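Chemist: Each chain, letter by letter, is given below.
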Amino acid sequence: MLAKQSWQINFHFSIAIFNQEIMCTGGSPSSNGSQAEESSENDNQQQQLATEQQPEQTQRTAIGSCTPEEVLADYGENIKLLTLNSQVAELLTIIRDKNTSRSDFKFYADRLIRLVIEESLNQLPYTDCDVETPTGAIYEGLKYRSGNCGVSIIRSGEAMEQGLRDCCRSIRIGKILVESDANTHEARVVYARFPDDIGSRQVLLMYPIMSTGNTVLKAVNVLREHGVPEKCIILSNLFCTPAAARTVVTAFPKMKILTSELHPVAPNHFGQKYFDNF
Amino acid sequence: MSVTQTKQIKFYSPASSASSDSITFLCSKSSSNNNDATAKAKSATPSVFPSAGLLTPTPTPIPTAATHHQQQQQQQHAQAQLHLQLLNPLKKVKAAVKSNGHSHIDDRPDATEPIAVDTSAMGSELNCCPASPTTVPAKSALESPMRRSGRRQRTTSIGNQTTTANPSEGIIRSNNRTIYTAGRPPWYNCAGQQVEPFVIGICGGSASGKTTVAEKIIESLDVPWVTLLSMDCFYKILNEKQHELALINEYNFDHPDAFDIDLLIDVLTKLKEGRKVEVPVYNFVTHGRESQTKTMYGANVIIFEGILTFHSSEVLKLLDMKIFVDTDPDIRLARRLKRDISQRGRDLKGVLKQYLNMVKPSYANYIAPTMAHADIIVPRGGENKVAIALIVQHVHTQLQLRGFKLRETLANSYKDQPMPESLHLLHPTPQIKGLHTFIRCKNTSRDEFIFYSKRLIRLVIEYALSLFPFKATCVETPQGVFYEGKRMESRKICGVSILRAGETMEQAVCDVCKDIRIGKILIQTNLKTGEPELYYLRLPKDIKDFKVILMDATVATGAAAMMAIRVLLDHDVPEQNIILASLLMAEIGVHSIAYAFPKVKIVTSALDPEINSKFYVIPGIGNFGDRYFGTEPSDEY
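Heads up: the sequence lines are chains P and S, in that order.
In this text, residue positions in the first sequence follow the UniProt record's numbering: the first is 1, and each later residue adds one.
In this text, residue positions in the second sequence follow the UniProt record's numbering: the first is 1, and each later residue adds one.
Rather than coming from a laboratory, the hints here were simulated on the basis of the structure.
Since the structure is predicted, the reported quantities are computational estimates derived from the model, not experimental observations.
Calculated from the model, a selection of chain P residues having no Cβ within reach of chain S, i.e. all distances over 12 Å:
(1) 69
(2) 147
(3) 172
(4) 177
(5) 181
(6) 191
(7) 198
(8) 224
(9) 226
(10) 230
(11) 232
(12) 247
Only pairs whose alpha carbons sit at most 25 Å apart, straight line, appear in this in silico DMTMM-like list of lysine to aspartate or glutamate:
(13) 614/S / 130/P
(14) 614/S / 140/P
(15) 544/S / 503/S
(16) 541/S / 506/S
(17) 471/S / 104/P
(18) 236/S / 257/S
(19) 454/S / 104/P
(20) 433/S / 110/P
(21) 106/P / 515/S
(22) 514/S / 110/P
(23) 106/P / 476/S
(24) 541/S / 511/S
(25) 471/S / 421/S
(26) 433/S / 161/P
(27) 106/P / 484/S
(28) 454/S / 140/P
(29) 433/S / 77/P
(30) 98/P / 515/S
Glycine included, each C-beta is placed from N, C-alpha and C at the ideal position.
Extracted from the complex, chain S is given alone in its bound form:
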C-alpha cells in the first residue's frame, strides 16, 4: 500500500569498514517516476553488500528492470496471491547475494518478504522487519533457495550510456546500475563540535503505520541525511525453549522483556553523539543475531521507531520529539490479518491466537499507557497529512536553530589572529621555496609538476613523522660502543588520504614507513551549496589504535579536512594522535582547524594569506588534483 508513497526515498549506503550497509536515506524532492522506482528496486540488491560508495558492486543475477516495475505495479493493485510468486525471484537473488562466500540461513521467506511489500523501496532489511515478528513453520527454512556463487563485479567505468539525470539528484545511471553520488553533508558546527542530531521517536501498536509515518516524515523533511533505526533490531537472542515457543506462536514478542533495552540505549546514545555504531541484525529464523552487523552513523535527523519506543525512561530522555501513532484496533487487526495471511502464508487461527493472547494484551498493558509521553498523537497513521506537516515544520525549526552552514562561516572568521601553536610550518629553506616556485607556476608541465610536488611531499611527510612521540633508547653498534638514540614510541602508524588530491601523498608515506596501512576518505564539495560532502570511507579496521597521518594536498577553508578529522574522531581515534599533513594551507583554514581541534597537529610547507571567492588559496597552486592527474577543464589549457 505504501509503494507509491515511498518512491521518493533513495538509498545511499556509505561504505565504511567491512560490514557497512547502513540504513541511511537520502531524501530528494524530485518527482517520482517509473525510472526512479526501477532504480531503487535495483539498488535494493547491491545494498546488501558489505561495501558500497561510488562503486556499488553489481551482483550478477539482477532481475530485469521490467520485472521489477511489473512487480511494483502488481503490488499497488494488492494482488496478494501474485505477490508471493512474483517476489520469489527477488528474494532468491537476495539470498544468493547474501550467501556469497558465507552461507547463513536468513532466507526465511516471511522475514524477507515484508521488505518488498511493507516498506517497498527501502530495501534494507534492518528497518523493515515486521513490528511484531511472526514465526514460521520450520519447513520454510528447509526450502533453501537456489544459491549461486555470484561473483562480485566491480564496474569502474561509467561508460557512454551513462547520463547524469539531474545534478540535484546526484544520481548517475547506466544500463545496469545506479550510482548515488550525493554525499554526507557536515554533521558538526564550525567549531568542529558534533551538532546533536534531532531524534524522533515513533511509537504505536503493531500494524499501526509507524513505518509509513516515518517515511512520510523523511520524505517531507528533505534533509539530506536521515537515519532510520528500528526497535526490531534489538530483540533478544532466544534460547532453545523460547525458540520452540515461538514456533507455535506462544512466545510473546510484544512484551518489553523481549527487547535488549541496554543495547538499545547504548546504540541510540552513540548515534546521538554522532559516533559510528554497529547495529545488530536480528534473524527471525534462528532468533539470534547475525554475525555481521550494520554500520550506522549519526545523522542530522534520527528516527527511531518501534512498538515499545516509549517504554524505557532512559530511551525517552534521548528522544527530542515523541510521536504516537494511534490507529483504531480494528484497523490494526485487519491489517495484521491481511499481512500475515496473504503475505506470510499463515493461517487465520494462528494469527488470531497470537493477537488475542499476546499482541492485544501487550498493547493494552505496555503500549497504550505510553501514549502519555507523546508530544504528538497522530490518529490514522500515515494518511494524516496535517499532522505530518506540523511535525516536519517543527523539525525544520529545530534544525535551523542548530545550524549546519559551514564553509562560509569558516571563510569569514579568525581574521588577524596569531597562528595557533598546533601549526608546524616546515622551515622555509630556499629549496622548499624553489620547489614551490615550480609547482605554483601555471606554465609548469605535468611531468615537472609531479616530480617537484613529490619531492615537496616527501619533505612534508618526513617532517610530520618527527612530530610523533619518541623515546630514548640505547643500541649497540658494530664498533662495540653503545649509542644513545631515539626510537618512535609506537610503530602503529597509518596514513589516511582525503581523495583525490590527498592520494598523491600516499606514495611518499609508503616510501618512509614500511608496510604502512592506508585509509581513504572521499570528500567532495557540493557545487550548489559549496559545502563539503562525505562520499566514501574506508579505514583500517582498528584505526583507533593507530597514529594517523591525514593527508590533503591543499587546505583552503579547512572544511574538508575538518570533516575528515571528524570522521576519524567518530572512529574513536584520539585527537592528539592525528597529524594533518598538507603542502599548502590558507591561514583561515589553519585557524578553523586549530580552533575546532586544538590537539590535531597541522603540518604544511607553506602558508598563504588569502582565499578567493571560489575558496581557492591565493596565490596558491590552483587545483592540485586536476594538475597532478591531468584532469583540468579544457578551457584552462
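Next up, chain P with everything else stripped away, as it sits in the complex:
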C-alpha cells in the first residue's frame, strides 16, 4: 500500500520533467538506461549524467505500463522479494534518504546486503541430512550441495561480495566488468574472470541496483557463453524497477531474481555513496 502511494506521487512528478528530458537528451531510452546504470563506473561522465539519470528514470516509469504489483503478478515465480518486515523497510528508508551520512549508509546497506544474500542462499539446492546431536538424539536437517560460486558485476556488485563472504567463507567469486560506450551508449562487457568450472556450478550473480536491466542482460549473456545454464543463475539484487524486472525476466525466464524492493525509482547513488566517490 505504501509502495503504491509513493509511486503515484512519483508518477505526477515524472510527468512534469518528462518533456524536459526529451528535449535535453534526445537519445533512445534504452541506451540511456544502460548509461544511467553504469554512470557510477564512468567518473568523467558523472557530472553530465547526474542531470540525466533522474529524468530518464522517471520517464521510463511513465512510459512503462507496469507497476510493481503487475510485475509480481506476471512473474511471481521468477522474482522473489525479501519479506518486507518493518526492519527491512527501515533499512530501505535509510538507504534512500539523502540525508543519511556515508557511514550510516554503508552500515545499513551492509545489513540489507547480508539479508539479501542469506535469502539468495535459500534458492540453492540441498539434500536431506540427518545428524546426531550431542544429546544423542537425531536431528533431521539438510545439507547444501557444494559447488556454488558468486559472480559480482563491477563496480557496485562488489559491494555485495563481503556479505557473501560473511556467509560462505571460502566461496569462489568471479567478476564481470560491463561498461557503456561513451559514444554509442551501448553496454558492453570489457572484462570477465570466472572459476574454470563455472559451467558446472550454481552461480549467485550480484548486482545491487537495476534500473533498466541492460547491464544484467549483458552479464548473464557472458555467463551463458561460459556454459552456465540459465536455471543455475540466481540474481541477488537490492533495488529493482518494475521495468528492469520485466526486461530481465522476459529475456531469461528460467533465471531466479531475488530483490528487496520493486520500486519505480532506483537509488542510483548507491555505488557512488557506498564507495564514496562523491
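Fit chain S to the given chain P structure using the hints.
Modeler: Coordinates of chain S only, in the frame set by chain P:
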C-alpha cells in the same frame, strides 16, 4: 558478645548498578570455624565497594587474616580497652576504601566501630548503626584517618591455591580473597509472579538485643535469601540547630519524629513487591544522607528492625510477623553504658543524661505501648532459644505455603497446548535448517560451530528488531522524489545477555545496532536443587527507558529466562518492551514464559518438542556455551 553467634552468617552482595552493596545475607548451616571468621572479616572490607559479584574487587590494604582472627578472639574476651586500638587498623582501611575517589567524611570512629563489635561479621554499615545513635564531639571528625589511594584490583583468575571448600557452601577461597558463588534463587512462582516475601518486624528498646534476635533468626532459618533492613537508615536529615543539639546530647533520636516514616513506608512497600530499592545511608557525623545509597532487592524473607518499628500503623500493615524483644530496663541501661563508654569513648555523665532525658521517656511513651501489636514477645532477647525456634518454625511453614520450587513445576506443565501468540518463530527457510544441521551435529568442529551459530544469531537478531514498533516516515531521496518508508519509533534499544551462552549473541546485536548498550545477567543452575540462581547483574543505568533484547542461546524450561525477565521487571522495564531472542527453545519453555509474561515477545529460530531429565532440549544443540567457548567436560571429547 555476639561474635561467635554470628559466625555462620555470610555475606553476599549482589552486584547491580553502580552503588550496590546490599545487605543481603546468605545463610549456611556449615559449622563455623576460624576459617569462616577470617573469610568474613576479609569480605567485610570489599563489601563496601560499589561493585561485587564473582569478581569482588580486592582493595590493596587488607589486614592480614591473623590480625583479624586475633581481633575476634579479643572481642570475645570483651577486653574493652583493647578493642579500640585493635579495631583502628580495620577502621582506617575501611575509611581508605570508602574515600577511594571521592572523599566524604564518614569515618567517625564511633559510627563505624559498632559494626565490628555489635554485629561483628555483618560488615555492612547499614544494618549495624546503633539503635539510638550517639553523637560524638566534633574533634573526632578532625581525626582524619590515613587516606590511601588504594587502587582497585580485579583479580580474575582463581589460581592454584584456590580450593572449593564445600560445594554446598559455594565459597571459593584463594590466598587473599574469598568469592561467594551462591546465587539468588527464584523469588517468584512458576507463573512469574512475585511471591510476596515474608516480612518480620522486630521492635524493642535500645540495646534490647534486636539485632541479635534478627541474626539468630537468619541463622536458624537457613533460607538462602534474607534481607535485613534497619530503621536507622531512615533518620531525618538534621538542620544546623538540631545538629548542634545532637552534639550536646540534647537531640532526641528516640522520638518518632526523628524518623522519615514516609520514605520508610515507600522502601518497605517496594521491597515487599520485590522491586529494587535504593536505601539511604545515614551519616551520623553530618546527620545527613550520603550521596550514595545502598541497593537492596526483595528477598524470600525481609527482617525489619528498629526501636519504633511498630509505631506507624501503615508499617504495621506491611509486617507479616511482629516480634517484640523485651529486655529488662536495667540490663538495657547496663549494655548501653558499657557500649557507649567502653566502645564509643563517651563519659558516664553524657550517657546517663541522654538516657534519662530522652531514651527512657521515649521507651515509656512510644516503644513500650507498641508491645500490644506484637505477635510474639521475646523476653531476654537473643538468649531465648525456645522463642527463636518457634519463630523459625512459623516462618518455615509460611514459606512452604508460598512455594518456591520452580524448574520441576515448569518442566511438567503445559503439555499439548497451542503455541502462544507471543512466540515469533523465524520462517523456517532451508538456510536456517541447514545452519541448524551444522550446529546441532555433534561432530562439528568448534570453528564451524562458531561460524554457523553466528550466522544464525544474526538472522535471529535481525528478525527480533523487526518486532519493535515502527512509524511511517517520508524521506527525500537524491533522485529528487520522496520515499515513504519506516523508521523505528525509538532508537533506545539495549541488549541484555544471560551469561554465559547469551553472551555469544552480543556481537550480533552490536553488528546491527550502532552504539548499543549491553547489560549482563549471570544465572547458573544450582546443581543440587536444579533451580536457577542469580549471581551477577549489571544493567544500563536507565534501563527502564529502553527497549530490551534479552538474549540466551537456548531456552529449555525457561527458568533462567524467566528469572532474567523478572529482574528486568524489577528494574521497571515494561513487559511489552522486552524481546527474548534465542536460537533454540523447547516448547515447554515457550509455554512457561508466555504464560508468566504474556507481553514479552519470544523470538527463536527453532522449536524443539522435548526436554530430557537433565533439562536439555531434545534433539537440541547440547550445551551451547560449552561448545562455543570450548569448555566441554573432557569425557565428552
